Amino acid sequence: MLDFSILLNNLDTYLEGFKNTVLASIIALLGSFIIGVIVAVMRIAPIKPLNWIGSAYVEFIRNIPLLVIAFFFYYGLPAIGVTLPAFVAGTIALAIYTASFIAEAIRAGIQSVPKGQMEAARSSGLTYLQTMRTIILPQAIKIVIPPIGNQFINLVKNSAILGMIAGLDLMYFGDLVSSRTFVTFPVYIFVAMFYLVLTIPLSLGVGYLERRLARSN
Amino acid sequence: MIRFDSVNKYFGNFHVLKNINLEINKGEVVVVIGPSGSGKSTLLRCINRLETITDGELTVNDLKVNDKKTDINQLRRNIGMVFQHFHLYPHKTVLENITTAPIKVLKQSKEEAEKVARSYLEKVGIPEKANSYPAQLSGGQQQRVAIARGLAMKPEIILFDEPTSALDPEMIGEVLDVMKALAKEGMTMVVVTHEMGFAREVADRIIFMDQGQILEQGKPADFYANPKEERARLFLSRILNH
Ligand SMILES: Nc1ncnc2c1ncn2[C@@H]1O[C@H](COP(=O)(O)OP(=O)(O)O)[C@@H](O)[C@H]1O
Ligand SMILES: [Mg+2]
Numbered sequence: 001m002l003d004f005s006i007l008l009n010n011l012d013t014y015l016e017g018f019k020n021t022v023l024a025s026i027i028a029l030l031g032s033f034i035i036g037v038i039v040a041v042m043r044i045a046p047i048k049p050l051n052w053i054g055s056a057y058v059e060f061i062r063n064i065p066l067l068v069i070a071f072f073f074y075y076g077l078p079a080i081g082v083t084l085p086a087f088v089a090g091t092i093a094l095a096i097y098t099a100s101f102i103a104e105a106i107r108a109g110i111q112s113v114p115k116g117q118m119e120a121a122r123s124s125g126l127t128y129l130q131t132m133r134t135i136i137l138p139q140a141i142k143i144v145i146p147p148i149g150n151q152f153i154n155l156v157k158n159s160a161i162l163g164m165i166a167g168l169d170l171m172y173f174g175d176l177v178s179s180r181t182f183v184t185f186p187v188y189i190f191v192a193m194f195y196l197v198l199t200i201p202l203s204l205g206v207g208y209l210e211r212r213l214a215r216s217n
Numbered sequence: 001m002i003r004f005d006s007v008n009k010y011f012g013n014f015h016v017l018k019n020i021n022l023e024i025n026k027g028e029v030v031v032v033i034g035p036s037g038s039g040k041s042t043l044l045r046c047i048n049r050l051e052t053i054t055d056g057e058l059t060v061n062d063l064k065v066n067d068k069k070t071d072i073n074q075l076r077r078n079i080g081m082v083f084q085h086f087h088l089y090p091h092k093t094v095l096e097n098i099t100t101a102p103i104k105v106l107k108q109s110k111e112e113a114e115k116v117a118r119s120y121l122e123k124v125g126i127p128e129k130a131n132s133y134p135a136q137l138s139g140g141q142q143q144r145v146a147i148a149r150g151l152a153m154k155p156e157i158i159l160f161d162e163p164t165s166a167l168d169p170e171m172i173g174e175v176l177d178v179m180k181a182l183a184k185e186g187m188t189m190v191v192v193t194h195e196m197g198f199a200r201e202v203a204d205r206i207i208f209m210d211q212g213q214i215l216e217q218g219k220p221a222d223f224y225a226n227p228k229e230e231r232a233r234l235f236l237s238r239i240l241n242h
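Residue numbers (full-length UniProt numbering), protein chains in the order written: chain A, 1 to 217; chain B, 1 to 242.
Next comes chain A alone, as it looks inside the complex (with noise of 0.2 Å):
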């Protein structure tokens, strides 16, 4: 059986870890919302230079390994004079790497948005801005929101990464409680266990969106 005085022995190394997973969690998620938005604006805006720049951002990042990236913020930005704290550059890491991925869904959920749409509000006078803001996105917004959540559920799991660059999480601080108790298998199912109550909830809130839109059509 599992051996449970192996977490409460370590509860407070588990917790101080999973409150910098959550922590980082969070920033990475809200950080890569809003590159994503940005991004997928440049890539659907009418203005070449700004769509060029979006693709580009979306096809190499999302093709590098998260871990790739991760080292270049740590290992890689020293080499320049800028040496970021292992927490910071890891979520600065996640962040990005997630956004490609976001900025994926949303351009394709405005892109699903039938063209006709467009062409009302902008004959009828409205801006390019004022079209997006008050026709498209809110319609956009339904399609996106399932695949987003997603995207936030992968950005946790991916968030162990930190542990790879002492990033003060909870992978880093299973791999401590492991290397100084000799022990493995259980320390490990109890991080898992962390990491299940975040993406748990996470993906039930998902699902019951998806049905609520779903229903709303």
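These aren't lab readings, by the way, just hints derived from the structure by calculation.
There could be a bad hint or two in this list.
[As the list claims (entries may be wrong)] Distance condition first, Cα-Cα at most 20 Å in a straight line; then the derived EDC-like pairs of lysine to aspartate or glutamate:
| no. | chain 1 | residue 1 | chain 2 | residue 2 |
| --- | --- | --- | --- | --- |
| 1 | B | Lys-115 | B | Glu-128 |
| 2 | B | Lys-154 | A | Glu-119 |
| 3 | B | Lys-123 | B | Glu-112 |
| 4 | B | Lys-104 | A | Glu-119 |
| 5 | B | Lys-64 | B | Asp-5 |
| 6 | B | Lys-26 | B | Asp-55 |
| 7 | B | Lys-92 | A | Glu-119 |
| 8 | A | Lys-115 | B | Glu-51 |
| 9 | B | Lys-68 | B | Asp-5 |
| 10 | A | Lys-48 | B | Glu-51 |
| 11 | B | Lys-219 | B | Glu-28 |
| 12 | B | Lys-92 | B | Glu-114 |
| 13 | B | Lys-64 | B | Asp-177 |
| 14 | B | Lys-219 | B | Glu-229 |
| 15 | B | Lys-123 | B | Asp-177 |
Computed from a predicted structure; not experimentally measured.
Assemble chain B with the ligands onto chain A, guided by the hints.
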């Protein structure tokens, strides 16, 4: 009021509008007919710059539609457009569909805009649908809402692109009736439609397009009775005998 001067338009290498010269006067009702793919929609969509012309000059109220100095939103508020597939906003009620542009563009207050909207709903015969969503309406009702939405901006010109082609036959009449009433009130209208009854009753002029050109134009009675161009004759016999 609308003036095409040697206008050409290309989609890539495809010459979709060929040397169009056309003048439409205030209060005139012009019906555009022609085979599918002949450029009717494109012609219409150039007038409010949903499509840009490649060369020539196109003016509305003496304003160059494609000039950088022309405030396109200012121009567009004066030109209503009704589409084949209505393009109502599905997430907004009928009332909101009609009031969005008056509130955002004309800066009307919500109360004022709603009052105007209701009066136009009355006019198109469905005042009781103000709080419905588009999905709850029949095609004919949706198209009448779309017309009310256009009217609420008090435009000088309304463009109609096959407004009854997507409707079940029994709903065509109700939409045409609204359009006829508008025509008789003196609205300037450019209408792409093959509804001959409508054209005969209210059109001042028929324009026949084929392969990107205006091949023939004339008064409805003359044109339908005796089209001069062979291709116009062929086309008419085809839409009459189907
Ligand atoms: N955005 C576009 N890009 C390329 N070709 C187009 C586009 N829109 C229309 N066309 C082409 O231009 C021609 C005229 O189209 P359209 O004006 O819609 O004709 P109509 O309304 O008379 O059926 C057609 O051959 C059509 O395929
Ligand atoms: Mg057409």
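Taking the hints in turn, this is what the structure says about them:
1. B:Lys-115 with B:Glu-128: holds, 14 Å
2. B:Lys-154 with A:Glu-119: holds, 19 Å
3. B:Lys-123 with B:Glu-112: Within the cut-off at roughly 17 Å; holds.
4. B:Lys-104 with A:Glu-119: The hint holds at about 16 Å.
5. B:Lys-64 with B:Asp-5: holds, 11 Å
6. B:Lys-26 with B:Asp-55: violated, 25 Å
7. B:Lys-92 with A:Glu-119: holds, 16 Å
8. A:Lys-115 with B:Glu-51: Holds: Lys-115 of chain A and Glu-51 of chain B sit about 13 Å apart, inside 20 Å.
9. B:Lys-68 with B:Asp-5: holds, 18 Å
10. A:Lys-48 with B:Glu-51: holds, 18 Å
11. B:Lys-219 with B:Glu-28: Holds, at about 12 Å.
12. B:Lys-92 with B:Glu-114: holds, 14 Å
13. B:Lys-64 with B:Asp-177: violated, 33 Å
14. B:Lys-219 with B:Glu-229: Holds. Lys-219 of chain B to Glu-229 of chain B sits at ~14 Å (cutoff 20 Å).
15. B:Lys-123 with B:Asp-177: Satisfied, since the Cα-Cα distance of roughly 11 Å is no more than 20 Å.
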